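K.L.:
One-letter residues, chain by chain:
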Amino acid sequence: MQETNPYVQYVYLASAALFILSLKWMGQVRTARRGNWAGTAAMVLAVLGTLIAGGITGQGYLWIAVALVVGAAIGTPMAIVMPMTAVPQRTALSHAFGGLAAALVGVAEYLENANSGMSTFTVGALSVEMLLGFLTFTGSLLAFGKLQEIITTKAVIYPGRNLVSIGTLTIAILSAAFLTLNPASTAAFGVLICASLLFGVLLIIPIGGADMPTVIAILNSYAGLSSCAMGFVMNNKLLIVAGALDGTSGLILSIVMCKAMNRSFANVLFGGMGATPTGGGAAKSPTGKAIVGFSIEDAKSILQDTRSVIIVPGYGMAVAQAQHAVKELANVLAAQGTDVKFAIHPVAGRMPGHMNVLLSEADVPYDQLVEMEMINSSFPEADVAIVVGANDVTNPAARTDKTSPLYGMPILDVDKARTVIFIKRSMNPGFAGVDNELFGLDKTMMVFGDAKKVMTELVAAFKAGH
Amino acid sequence: MHEPSGLIENLFVFVLASFLGLELIRGVSRLLHTPLMSLTNAIASIAIVGSLLMTGRPHESQLITVLGAVAIVCSTINAVGGFLITERILKMFKKRSE
Chain A
1 MQETNPYVQY
11 VYLASAALFI
21 LSLKWMGQVR
31 TARRGNWAGT
41 AAMVLAVLGT
51 LIAGGITGQG
61 YLWIAVALVV
71 GAAIGTPMAI
81 VMPMTAVPQR
91 TALSHAFGGL
101 AAALVGVAEY
111 LENANSGMST
121 FTVGALSVEM
131 LLGFLTFTGS
141 LLAFGKLQEI
151 ITTKAVIYPG
161 RNLVSIGTLT
171 IAILSAAFLT
181 LNPASTAAFG
191 VLICASLLFG
201 VLLIIPIGGA
211 DMPTVIAILN
221 SYAGLSSCAM
231 GFVMNNKLLI
241 VAGALDGTSG
251 LILSIVMCKA
261 MNRSFANVLF
271 GGMGATPTGG
281 GAAKSPTGKA
291 IVGFSIEDAK
301 SILQDTRSVI
311 IVPGYGMAVA
321 QAQHAVKELA
331 NVLAAQGTDV
341 KFAIHPVAGR
351 MPGHMNVLLS
361 EADVPYDQLV
371 EMEMINSSFP
381 EADVAIVVGA
391 NDVTNPAART
401 DKTSPLYGMP
411 ILDVDKARTV
421 IFIKRSMNPG
431 FAGVDNELFG
441 LDKTMMVFGD
451 AKKVMTELVA
461 AFKAGH
Chain B
1 MHEPSGLIEN
11 LFVFVLASFL
21 GLELIRGVSR
31 LLHTPLMSLT
41 NAIASIAIVG
51 SLLMTGRPHE
61 SQLITVLGAV
71 AIVCSTINAV
81 GGFLITERIL
91 KMFKKRSE
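Chain order of the listed sequences is A and B. If you read the first sequence in the numbering used here, its first letter stands for residue 1, the second for the next number, and so on. If you read the second sequence in the numbering used here, its first letter stands for residue 1, the second for the next number, and so on.
It is worth saying that the hints were derived from the structure and are not from the lab. These figures come from a predicted structure and were not determined experimentally. By construction, the Cβ of each residue, glycine as well, lies at the ideal position given by its N, Cα and C atoms. Among the hints, a few may not be true.
Said to hold, decoys possible - Distance windows between CB atoms, simulated: (1) Ser29(B) to Asp298(A): 32 to 40 Å; (2) Val201(A) to Lys91(B): 31 to 39 Å; (3) Asp367(A) to Arg26(B): 34 to 42 Å; (4) Leu11(B) to Arg399(A): 21 to 29 Å; (5) Lys94(B) to Asn113(A): 33 to 41 Å; (6) Lys91(B) to Ser185(A): 50 to 58 Å.
As the list claims (entries may be wrong) - Residues of chain A placed beyond 10 Å of chain B at every Cβ, according to the derived structure: (7) Asn162; (8) Ile291; (9) Ser426.
Could you build the full structure based on these sequences and the hints that come with them?
P.N.:
Written as C-alpha cells, this is what we have:
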C-alpha cells in the first residue's frame, strides 16, 4: 500500500514530530496542556494527510465520514460525562478499542492480500499485529469488567492455570509462525485469532484489583506495539513512530509499578496474588490483642493543635469518593495552623497516578502531593498520619516479615509517625490478604466506617468545636 | 517471496523511536502518570491511519470495508475521548499559589 500523493509523507513527518513534542511537553505540569494540544494537532494532521493520500474512492469517503461521525458521537459524550473516579475503567476500555482497531485492520489486510503473495516478513508483522491486537482487546475488556466491578475484582485462580495460559499463548505463537510460513492457511489464521482472544482472557482472569496499575500499563504497551506492527505491514513510518512511543510508555509505566511493589512482571502476571485471604482471625492483632475502634471525637482530639499531619490516601478513598471530604479536612486542619501534606504511593489506587488525579479534582494543589521517596523522611516528625483507605502500602511487614507476600515492597513509613489514625471500612485484610500489624500498635487509632462518612463527620466535629 | 520495500528503514525508525520514547517517558513526572496514560491512549489511536486506508480504498469484498469502518469507529472514540479526558484531567492540576 503506497500513498500516491508524494506530499503525504511530509504531513506524516510533521505529525510524528508533533507526537514527540507532545510527550516531551507532557513531562511537566507547566507544559502538559500544550503537550496535549500538540498530540491533538498531530492526530488531526495524520487523519487529514491520510485522507488526501490518494486511492480513496467517493464511496470510500462516505464510509469514512459515517464512521468518523459515529466514533466522535460515542467518544465525546463518554469523555465529557465520565466521572473522574472512572478514569481507570475508561482507560482499560480504550485499550480494548485500540487493540480491536489494530486487530481488525490486520484481519482486513489479511483477507485482501492472503492470495496475492505477501512477503514472509509482512505476514509475520500481520500475525504479530493480530495477536497483540486481539489479546489486548479481550484482556482490556476483562480489566474493564474488573475495575467496573461487573466481574469479581479478586484474582480468580484455578489449578494448572499457568499451564493453560502458557499453553494457549504457545498455540497462538505457533499458529502465527505457521501462518507466516503458509500465508494461505485460513486454518492457522482462524486458530491465531481464537487463541489470541482466549489468551487475553486467561491473562487477566487471575489478576486481582490492586495489580491493575501494572496490568493497565502492560495493555497500554501492547496496544501501541500492535499499531507499530501495522506500520510495518503498511510500510507507514508514522504508525511505527507513534506505536513505538505508546509501546515504550506502557513499558516504562509497568516497570515503575512493578518496582513500587518489588515484584517482577512474571510474578504480577502469574503469581495469583490476592486470591485467598491468609489472615484468619480478622479482628486480632498479630499479638492476639483485640482491636477496638475509636470514635470521631477521639480522632478529633488527637488532631487538634497538631503541627504536622500527613494524609495517606488509597483505593478506599476512591471507592468511597471521599476526596472532597478529605480536602475539607485538610482545609480545617490548615485553618488551625497545621501543616498538611499528602503521601502518594506509586501503586495506590487502580492506575498509575490515580490518587494525584482524584486529589487534584478536589482542588488539592499538586505541590502538596508528595511522592513516597520524598515524604518518608517526614513521617518521624509528623504528629499524626491519617490513612484513608490504604492498607498494604503502609504495612510494616513489608520491611520486617520475610514470610509476608508483601516483603520487600517499598512502603510509606506511616508507623514512624507519633500517632496513626487508620480509617477503614471493616477489619478485612487488604488486597494482598495480609494482616496489617499497624492495627495492633499502641499508637494506632482505628476508626471504622466509610471513608467519606468518617471524613465528613470529622470535619463537622471540628466546625462544631469552634 | 521478496524483501518488502523499506524494511530496514522501518526497523531504523522503530528502534530510534523506541529509544526516544524511553527517554521522553522517563522524564515525565509521576504526578502526571494518569494524564500521560490517557494521552498515549489517544496517540495509540494512530491505528486510524490504517483504518482509513482500509475503508476508503476499493475492495472486492464489502467485508473489508466494514471491518475498516468498525476500526475507524473504535479509533475515533479513543482519539476524541483520549484528548478530551487528558485536557479535563490537566485542567484540575493547580499550584497552591494559584
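K.L.:
None of the hints should be skipped; say for each whether it holds.
P.N.:
Verification of the hints:
1. For Ser29(B) paired with Asp298(A), a C-beta distance near 38 Å keeps the hint of 32 to 40 Å intact.
2. Distance hint check: the CB atoms of Val201(A) and Lys91(B) are about 36 Å apart, consistent with the given range 31 to 39 Å.
3. Here the CB-CB span from Asp367(A) to Arg26(B) is close to 22 Å, at odds with the stated 34 to 42 Å.
4. For Leu11(B) and Arg399(A), the Cβ-Cβ distance of about 46 Å falls outside the hinted range of 21 to 29 Å, so the restraint is violated.
5. For the pair Lys94(B) and Asn113(A), the beta carbons lie near 52 Å from each other, so the given range of 33 to 41 Å is not met.
6. Against the hinted window of 50 to 58 Å, the Cβ-Cβ separation of Lys91(B) and Ser185(A) comes to about 51 Å, which satisfies the hint.
7. With a closest Cβ-Cβ approach of about 28 Å to chain B, Asn162(A) is found to remain outside the 10 Å limit, as its non-interface label requires.
8. With a cut of 10 Å on Cβ distances, Ile291(A) stays outside the contact zone with chain B, its closest approach being about 34 Å.
9. Separation of Ser426(A) from chain B is adequate, the least Cβ-Cβ distance of about 28 Å exceeding the 10 Å criterion.
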